[in-house]
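Q: All the letters of the sequence shown, read from the start, carry residue numbers 5 to 237 under my numbering.
Keep in mind the hints are simulated off the structure, nothing from the lab.
Just so you know, not all the hints are guaranteed correct.
In the DSS-like style, the derived pairs of lysine-lysine whose C-alpha atoms are separated by at most 27 Å in a straight line are [claimed, not checked]:
(1) K55 - K216
(2) K7 - K216
(3) K7 - K55
(4) K216 - K25
(5) K55 - K86
(6) K86 - K216
(7) K140 - K55
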Amino acid sequence: MEKRIPQHVSIIMDGNGRWAKARGLERVQGHFEGVESVRACLEAAAEDGVKYLSLYAFSEENWNRPEDEVLTLMELMMRSIKNELSNLMENNIRFVVLGNRARLSDTLNAAIDDLMAVTAGNTRTTVIVFLSYSGKWDILQAAKKAASELSPEEFQAMEQADFDRYLVTAGFPDPDLLIRTSGELRISNYLLWQSAYTEFYFTDVLWPDFRKPQFREALAEYARRDRRYGKVK
5 MEKRIPQHVS IIMDGNGRWA KARGLERVQG HFEGVESVRA CLEAAAEDGV KYLSLYAFSE
65 ENWNRPEDEV LTLMELMMRS IKNELSNLME NNIRFVVLGN RARLSDTLNA AIDDLMAVTA
125 GNTRTTVIVF LSYSGKWDIL QAAKKAASEL SPEEFQAMEQ ADFDRYLVTA GFPDPDLLIR
185 TSGELRISNY LLWQSAYTEF YFTDVLWPDF RKPQFREALA EYARRDRRYG KVK
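Make a model of the complete structure from these sequences and hints.
A: In C-alpha cells:
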C-alpha cells in the first residue's frame with residue numbers, strides 16, 4: 005500500500021527552556037540546540053516528500069518574555085538566516101516568513117526579505133517560519149483587511165473560502181498534521197482558522213531532542229489516521 009505523506013506538516017517547537025534547565029544550562033542554550041532539530045526535521049521533510057514544513061518560532065505573546073531572551077531569539081534568527089542559505093539552495097528549499105513583521109527590526113526584516121527572494125524559485129520543499137504570529141491576530145487582521153476592501157454587501161456575501169485569501173497564509177495549504185513537542189496538550193493561539201481539520205500529534209519529547217526518527221514516527225502515526233472531514237466513511 006502506498007505510504008500516505010502529509011502535504012503540509014506544522015510544528016509547535018516547545019521545550020527548549022526545560023531541556024536546558026534539566027542540564028543546568030541557561031534557557032538560551034536550549035534555543036541554540038533547537039536549531040539543530042529544525043535542520044534535522046527540514047531534511048527529513050524534504051527526503052520524505054513533505055511539500056510544506058511550517059514552524060511556530062515566535063508568537064505575539066512571546067514579546068512578553070524577558071528582554072534578554074527576546075533579543076537572543078532575534079539574534080538567533082539572524083544567525084540562522086545567514087548560516088542556512090547554502091543549505092536551502094543545495095536542497096532546493098524555499099524560505100518564507102509569516103506573521104506580524106511590523107514588530108521586527110528593519111535589519112531582521114531586510115535579511116528575511118533577502119533570503120525569501122533568493123530562495124523564491126526553489127521547488128522541493130517550502131519551509132514557513134511563523135514569526136511574531138498568533139491565530140487571533142491573523143483572523144483579526146484578515147477581517148479588518150476584508151472590511152476595508154469590500155463593500156458591505158460583498159462582506160456579507162463572503163464565503164469561508166473567500167476569507168482564506170485575507171489570512172497571512174493565503175496561497176498555502178492548511179496543515180494536514182500539527183506536531184507539538186514537550187507534552188503540552190494545546191495549540192497556543194496558533195493557526196486557529198487553518199487547523200480546523202488538521203490531525204494533531206502530541207509528544208513528550210522536548211524540541212531539542214526531536215530529530216528525524218521522531219519526525220518520521222509522527223508521519224507514521226498520521227498515515228494510520230482516517231481523515232473524514234465530518235463525513236462518514
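Q: Confirm or reject each hint.
A: Each hint tested on the structure:
no.: 1; hint: K55 - K216; verdict: holds, 16 Å
no.: 2; hint: K7 - K216; verdict: holds, 17 Å
no.: 3; hint: K7 - K55; verdict: holds, 15 Å
no.: 4; hint: K216 - K25; verdict: holds, 23 Å
no.: 5; hint: K55 - K86; verdict: holds, 23 Å
no.: 6; hint: K86 - K216; verdict: holds, 23 Å
no.: 7; hint: K140 - K55; verdict: holds, 26 Å
Of the numbered hints stated above, none is contradicted by the structure.
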